[in-house]
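There are 2 protein chains.
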Amino acid sequence: MTIEQQISGMALQARRASREIATVSTDVKNRLLLAMADDLLKRADFIKGENLRDLEAGRAKNLSAAMLDRLELSDKVIDSMVTGLREVAALPDPVGEVTEMIKRPSGIRVGRMRIPLGVVGIIYESRPNVTVDAAALCIKAGNGVFLRGGSEAIHSNLALAKVLQEAIAAENIDPAVIQVVPITDREAIDAMLTMDKYIDLIIPRGGEGLIRFVSENSRIPVLKHYKGVCHLFVDASADPRMAVDLVINGKTQRPGVCNALETMLVHRDIADTFLPLAAGALAEAGVEIRGCEATCRILPGAKPAREEDWGMEFLDLILAVRVVDDLDGAMDHIVKHGSQHTEVIATESYGNSQRFLREVDASAVMINASSRFNDGGQFGLGAEIGISTTKLHAYGPMGLKELTALKYIVYGDGQVRG
Amino acid sequence: MTIEQQISGMALQARRASREIATVSTDVKNRLLLAMADDLLKRADFIKGENLRDLEAGRAKNLSAAMLDRLELSDKVIDSMVTGLREVAALPDPVGEVTEMIKRPSGIRVGRMRIPLGVVGIIYESRPNVTVDAAALCIKAGNGVFLRGGSEAIHSNLALAKVLQEAIAAENIDPAVIQVVPITDREAIDAMLTMDKYIDLIIPRGGEGLIRFVSENSRIPVLKHYKGVCHLFVDASADPRMAVDLVINGKTQRPGVCNALETMLVHRDIADTFLPLAAGALAEAGVEIRGCEATCRILPGAKPAREEDWGMEFLDLILAVRVVDDLDGAMDHIVKHGSQHTEVIATESYGNSQRFLREVDASAVMINASSRFNDGGQFGLGAEIGISTTKLHAYGPMGLKELTALKYIVYGDGQVRG
Chain B
1 MTIEQQISGM
11 ALQARRASRE
21 IATVSTDVKN
31 RLLLAMADDL
41 LKRADFIKGE
51 NLRDLEAGRA
61 KNLSAAMLDR
71 LELSDKVIDS
81 MVTGLREVAA
91 LPDPVGEVTE
101 MIKRPSGIRV
111 GRMRIPLGVV
121 GIIYESRPNV
131 TVDAAALCIK
141 AGNGVFLRGG
151 SEAIHSNLAL
161 AKVLQEAIAA
171 ENIDPAVIQV
181 VPITDREAID
191 AMLTMDKYID
201 LIIPRGGEGL
211 IRFVSENSRI
221 PVLKHYKGVC
231 HLFVDASADP
241 RMAVDLVING
251 KTQRPGVCNA
261 LETMLVHRDI
271 ADTFLPLAAG
281 ALAEAGVEIR
291 GCEATCRILP
301 GAKPAREEDW
311 GMEFLDLILA
321 VRVVDDLDGA
331 MDHIVKHGSQ
341 HTEVIATESY
351 GNSQRFLREV
361 DASAVMINAS
371 SRFNDGGQFG
381 LGAEIGISTT
391 KLHAYGPMGL
401 KELTALKYIV
411 YGDGQVRG
Chain G
1 MTIEQQISGM
11 ALQARRASRE
21 IATVSTDVKN
31 RLLLAMADDL
41 LKRADFIKGE
51 NLRDLEAGRA
61 KNLSAAMLDR
71 LELSDKVIDS
81 MVTGLREVAA
91 LPDPVGEVTE
101 MIKRPSGIRV
111 GRMRIPLGVV
121 GIIYESRPNV
131 TVDAAALCIK
141 AGNGVFLRGG
151 SEAIHSNLAL
161 AKVLQEAIAA
171 ENIDPAVIQV
181 VPITDREAID
191 AMLTMDKYID
201 LIIPRGGEGL
211 IRFVSENSRI
221 PVLKHYKGVC
231 HLFVDASADP
241 RMAVDLVING
251 KTQRPGVCNA
261 LETMLVHRDI
271 ADTFLPLAAG
281 ALAEAGVEIR
291 GCEATCRILP
301 GAKPAREEDW
311 GMEFLDLILA
321 VRVVDDLDGA
331 MDHIVKHGSQ
341 HTEVIATESY
351 GNSQRFLREV
361 DASAVMINAS
371 SRFNDGGQFG
381 LGAEIGISTT
391 KLHAYGPMGL
401 KELTALKYIV
411 YGDGQVRG
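One line per chain: the protein sequences are B and G, in this order.
Just so we're aligned, residue 1 is where the first sequence starts under this note's numbering, counting upward by one.
Just so we're aligned, residue 1 is where the second sequence starts under this note's numbering, counting upward by one.
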């Protein structure tokens, strides 16, 4: 059997199982999720044993400490997967919700019903907890899930899949609703991306290279984000102390994530007073400033920015700082260097706040709030499967609703078209 | 300059112009649309002259009468484009609408704002009126539009674009917001489909071959439907006269369109009485029946269906008819042969109506109403740019809202994450 035949067979099974999960009751789905949680705990030793095989292979391959850390299924990581499953069980079921029901002049009543997408494909790298977190959200939204993790986590992913599938089978539901691809060749991804008959959506999670490869080669719609280059624009009218709080929180609360700030843009009229204030707080927090010429004139200690620092995702305690002429200068910079992820203005001007809100194109645009709030939990989605910077279907954090679609429903009494 | 460079240059211009149209007021957009309408009328002679060149070339190439008919820009077609532009001007502007504003425990207020998509690419075949109809909807939704029509309509499309662009330039808006590709080589499509930096969405309109080519080769998200194979299931409890009305309207009111019925499924318990009744009405309307074995036993005059008639898009006065055991049999047939376009049940059973509504996966699922209602106008969208059978982003008729996206907006008072 070729890799393509194997992938195709698994995807067909997932498609079939997805029809069952699409129509079972909320109670059944919640029971599955709780059983999956219980079994992960009960079989933690088996899971950790298989995980050890990946860790040993990783050490032999000299993976970095950070990579090994992401790979490890410690008791703490297992607990957090268990908590995640229970939290998803407690979320409201989006499937079946009917909205926008209207009566048309013809007499028909037309509305929209929320339905599962079908089968969701996830292509991810080293973190094996994605296997569980993604499966939980997909199942709650009534979807099958087709998972392809990285080769370095293959034993962990297959062990997790085995435990989850057995929990599902014990509830008399087709366990093929969760599929983990056992093949680590790149060919398995190639094959998966052509299965538009069986897979409805691909969500790649990992480095920019993986995501570009997936979106350039997929016949299936892809929801993705490449990177988060988030800006804070400090307007002339900004409350300086609030702006300092926003830059410190955005840059330092968790520098390694996509909604951390990477660049601060400062209005020329406030630069002389604001920059020294901000620089003091940033220095105290250990942040390196890479400034434009005007910034370096005001802050003689600052390192000059190189051209490539604009639009750079540092994911570190480094902040690019540029002085701009006005709101339009800030928005031009964001168009050129932003990544459509999160953009923030600090301002007390009503007019500028509203122009920024309307005109800036990003998955989240904020007035006087930390970029770190662009997150499914903070926005009230309950849990998220990633953040999309693709405008189609979902723009921003993707929760349960983003794993569903809306179909039209029509109630008639025999109406025909004249 | 290579074709790729030419396409890339045009797409970049469209992207730039799309930023302007995204932020102009509703009044300005409406003024543009009305000016475009006026100028089409004023310059009808120029348009018809250029159209004549396409018609003459088409005749020389022995295009069918139907093809030539679709190609012709008669006064009637021009009038209908003008009416379309004026109707779109009268529709409410979706851009800027804010929904779902909630206050979160952190104190931030989070909502969603409707925004334009950016640049919409349309790849279409012979009808030059698509140039105008698509441009109208895209501009009203604040988007640039990048049009690539068929070679047989190239002079017509370029003439229409010239008139529309001049109307736009006269209003001091960048005319690059409408781009018509002057290159008829297939290479122009290839190049267009790689421009994911400048084009946000592709809508192909045409035959199944074109649509498959586009969706297999595009790096840009594609909204499409391949075909409409719509079923009517006549349940045992159906009102027979209502069911006859539904099949006659669905099959004969306009047989050549995607929401026409192609197959009727009849519950075994009602077949003996219902089929002769329906057959009488269908015969009167000139419809040929291709029946399963059970159908042919009840209707000895009926032509036996071949296997390929199930799932066939006849687009003609031909109807496949199959007797099924029950609701599950009907739904199994629809899973196997449907095209996720429009599916109808005729029933007086509450339970069956609700199961069909919930479980059938199609862009529109209807109880006791004609499949012909699956249409943007009938559903209240105002105007449509096609019907999507892709579940992502839009499922069903695509109107102005489907040419927009939602971004998150956040109002804060200095909140930071703890």
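No wet-lab data here; the hints were simulated from the structure.
For each residue, glycine too, the CB sits at the ideal point set by N, CA and C.
Check the hints yourself; a few may be wrong.
[What the hints assert, rightly or not] Quick look at which bits of chain G chain B covers, simulated, 3 or more residues with Cβ under 8 Å: (1) 47 to 60; (2) 103 to 115; (3) 156 to 167.
[Stated by the list, open to error] Away from chain B, derived, C-beta distances all over 12 Å, residues of chain G: (4) V77; (5) D196; (6) R212; (7) G256; (8) L315; (9) H393; (10) L406; (11) G418.
[Stated by the list, open to error] Computed footprint of chain G on chain B; a stretch qualifies when at least three of its residues, placed anywhere within it, have a C-beta under 8 Å from a C-beta of chain G: (12) 86 to 94; (13) 203 to 213; (14) 318 to 331; (15) 353 to 360.
Results for each hint:
Residues of the region 47 to 60 of chain G with a Cβ under 8 Å from some Cβ of chain B number 0, which does not satisfy the need for three, so the listed coverage is violated. Here's how the region 103 to 115 of chain G fares: 6 of its residues keep a CB closer than 8 Å to some CB of chain B, so the rule of at least three is met and the hint holds. Coverage of a stretch by a chain is defined here by at least three residues with a beta carbon nearer than 8 Å to that chain's beta carbons; for the region 156 to 167 of chain G and chain B the count is 0, and the condition is violated. V77 of chain G, annotated as away from the interface, keeps every beta carbon of chain B farther than 12 Å; the closest lies near 22 Å.
The Cβ of D196 of chain G does not lie farther than 12 Å from every Cβ of chain B; its closest approach is about 8 Å, which violates its non-interface assignment. Residue placement check: R212 of chain G does not keep its beta carbon more than 12 Å from all beta carbons of chain B (closest about 10 Å). Every C-beta of chain B lies more than 12 Å from that of G256 of chain G, the closest at about 14 Å, which supports listing it as non-interface. Here L315 of chain G stays apart from chain B, with its beta-carbon at least about 17 Å from theirs, past the 12 Å limit.
Against the 12 Å criterion, H393 of chain G falls within the reach of chain B, whose nearest CB is about 4 Å from its own CB. Listed as a non-interface residue, L406 of chain G fails to keep its Cβ farther than 12 Å from every Cβ of chain B; the least gap is roughly 6 Å. For G418 of chain G, the condition that its CB be more than 12 Å from all CB atoms of chain B is violated, with the nearest at approximately 8 Å. With 0 residues having a Cβ less than 8 Å from any Cβ of chain G, the region 86 to 94 of chain B misses the three-residue criterion, and the hint is violated.
With 0 residues having a beta carbon nearer than 8 Å to a beta carbon of chain G, the region 203 to 213 of chain B misses the requirement of three or more and the stated coverage is violated. A count of 0 residues in the region 318 to 331 of chain B with a Cβ less than 8 Å from any Cβ of chain G is obtained; the coverage claim is therefore unmet, three being the minimum. With 3 residues having a beta carbon nearer than 8 Å to a beta carbon of chain G, the region 353 to 360 of chain B meets the requirement of three or more and the stated coverage holds.
Of the hints listed earlier, those the structure fails to meet are numbers 1, 3, 5, 6, 9, 10, 11, 12, 13, 14, in rising order.
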